[in-house]
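S.K.: Listed below are the residues making up each chain.
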Amino acid sequence: MARGAAKKTFLKPLGRDNPVFAQILGICSTLAVTGKLENTVVMCIGVIFVTTFSEGTLSLIRKWIPARIRMMVETLVIATFVIIVDIVLRAFYPDIWRQLGPYVGLIITNCIIMGRAEAFALNNPPGLSLIDGLASGLGYSYVLIVIAFFRELMGTGQLWGVQILGDWWTNWTIMVMPAGAFFMLAIFIWVVKGVFIQEEQHGK
Amino acid sequence: MENSMIPVAVFFAAVFTNNILLTNYLGMCSFLSVSKDLKASYGLGIAVTFVMATTSAINWAVYTFLLEPFNLEYLRFIVFIMVIAAFVQLVEMVIERVSESLYAALGIFLPLITVNCAILGVSLFMVIRDYDLITSFFFGLGSGLGWFLAILSMAGILQKLKKARIPRGLEGPGITLIITGIMAMAFMGFSGILTIG
Numbered sequence: 001m002a003r004g005a006a007k008k009t010f011l012k013p014l015g016r017d018n019p020v021f022a023q024i025l026g027i028c029s030t031l032a033v034t035g036k037l038e039n040t041v042v043m044c045i046g047v048i049f050v051t052t053f054s055e056g057t058l059s060l061i062r063k064w065i066p067a068r069i070r071m072m073v074e075t076l077v078i079a080t081f082v083i084i085v086d087i088v089l090r091a092f093y094p095d096i097w098r099q100l101g102p103y104v105g106l107i108i109t110n111c112i113i114m115g116r117a118e119a120f121a122l123n124n125p126p127g128l129s130l131i132d133g134l135a136s137g138l139g140y141s142y143v144l145i146v147i148a149f150f151r152e153l154m155g156t157g158q159l160w161g162v163q164i165l166g167d168w169w170t171n172w173t174i175m176v177m178p179a180g181a182f183f184m185l186a187i188f189i190w191v192v193k194g195v196f197i198q199e200e201q202h203g204k
Numbered sequence: 001m002e003n004s005m006i007p008v009a010v011f012f013a014a015v016f017t018n019n020i021l022l023t024n025y026l027g028m029c030s031f032l033s034v035s036k037d038l039k040a041s042y043g044l045g046i047a048v049t050f051v052m053a054t055t056s057a058i059n060w061a062v063y064t065f066l067l068e069p070f071n072l073e074y075l076r077f078i079v080f081i082m083v084i085a086a087f088v089q090l091v092e093m094v095i096e097r098v099s100e101s102l103y104a105a106l107g108i109f110l111p112l113i114t115v116n117c118a119i120l121g122v123s124l125f126m127v128i129r130d131y132d133l134i135t136s137f138f139f140g141l142g143s144g145l146g147w148f149l150a151i152l153s154m155a156g157i158l159q160k161l162k163k164a165r166i167p168r169g170l171e172g173p174g175i176t177l178i179i180t181g182i183m184a185m186a187f188m189g190f191s192g193i194l195t196i197g
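Line by line, the protein sequences give chains R and F.
Numbering follows our numbering, with no gaps: position 87 of the first sequence is 87.
Numbering follows our numbering, with no gaps: position 141 of the second sequence is 141.
Hints may be right or wrong, so weigh each one.
Label pairs and their computed distance ranges (CB to CB) [to be verified]:
(1) R:Pro125 to F:Met93: 34 to 42 Å
(2) F:Phe70 to R:Ala5: 42 to 50 Å
(3) F:Leu75 to R:Asp95: 20 to 28 Å
(4) R:Ala91 to F:Leu152: 41 to 49 Å
(5) F:Ser191 to R:Lys7: 19 to 27 Å
The hints are simulated quantities; they were obtained by calculation from the structure and are not laboratory data.
For every residue, glycine included, the Cβ atom is placed at its ideal position computed from N, Cα and C.
Just need the whole structure built from these sequences, with the hints factored in.
M.R.: Structure below.
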């Protein structure tokens, strides 16, 4: 495998082709846990694990998957890895597992994983697919971690459960409410798009 | 609360106070992509409501009679998603045979539904909250209607918005998300009425 191709595969989903703000994919299951940074990080690790290994696995067996039932096969492979995440979390971090509730299971229907499997893993060798899965997961995670950072900080004055802001800070209750997540994501997309638009204008 | 009232309460809570889209962020993907078109939103809304109500009842039966007795609860993710996929496929075939016009209207939305996180989410919530059969059905129905309500109002707002001047960076998903946020705030006004855990 050429090193150039690997590097390109890795960097693409982190920048302009980031699945979250380029295609607004897969925010469903994870936006809900951005109220607390700790939960978000755990959830993101889970998502990265699932994207990486399900893409790798699907790519290994891609030549034997009949085209007609490929969605079924993809779902099964993804669900298997999600079950692993669920069992591990339940065994080692029962508190976080309880707080995440149904959202761990909902990683299965996260459109990013399915989308990358369809678009990339079924047409590329396993090595590259692993890298693509890892990069997509990372690209997706950093957006959510930024959102969680601001939501927890502004909503509760804490980070990772530790008080950061002093008494002078008034908590923005809206930030921990569901509406806050929508606003934060919209602002994030706005900022990123603004940067892209400016780059385009400078490029001309 | 009286036992017989629980399904009713859960139903209204699922539509208004615990709207699956606006408080649990489920079903966002299809919400963002389809809400541009009012007619398509209507079709998808009906399809989602129907599938959600029926699959939550089927999944309840599968979970209670198959998974629990054999201690296979950890398989619920795979089993639920399979039930949903199979059911959607079945509905698609039935509709195709029975009504040509209905198939033309709903046909393209059905495959989309399998990967709609809200459907799986309803089944998972139902397990966590320990609902019985009737309550599960009403919870599914209410969540579906709540989703329908949200996407329909969003499609209506977006139609009006077509003529508005929006900052370039906010065009498309950005503005949709901001409106969703405002809608979520509006729905918070209902939160005094009922709560479900």
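S.K.: List, from low to high, the hint numbers that the structure doesn't satisfy.
M.R.: The structure conflicts with hint 5 only, although it agrees with all the remaining ones.
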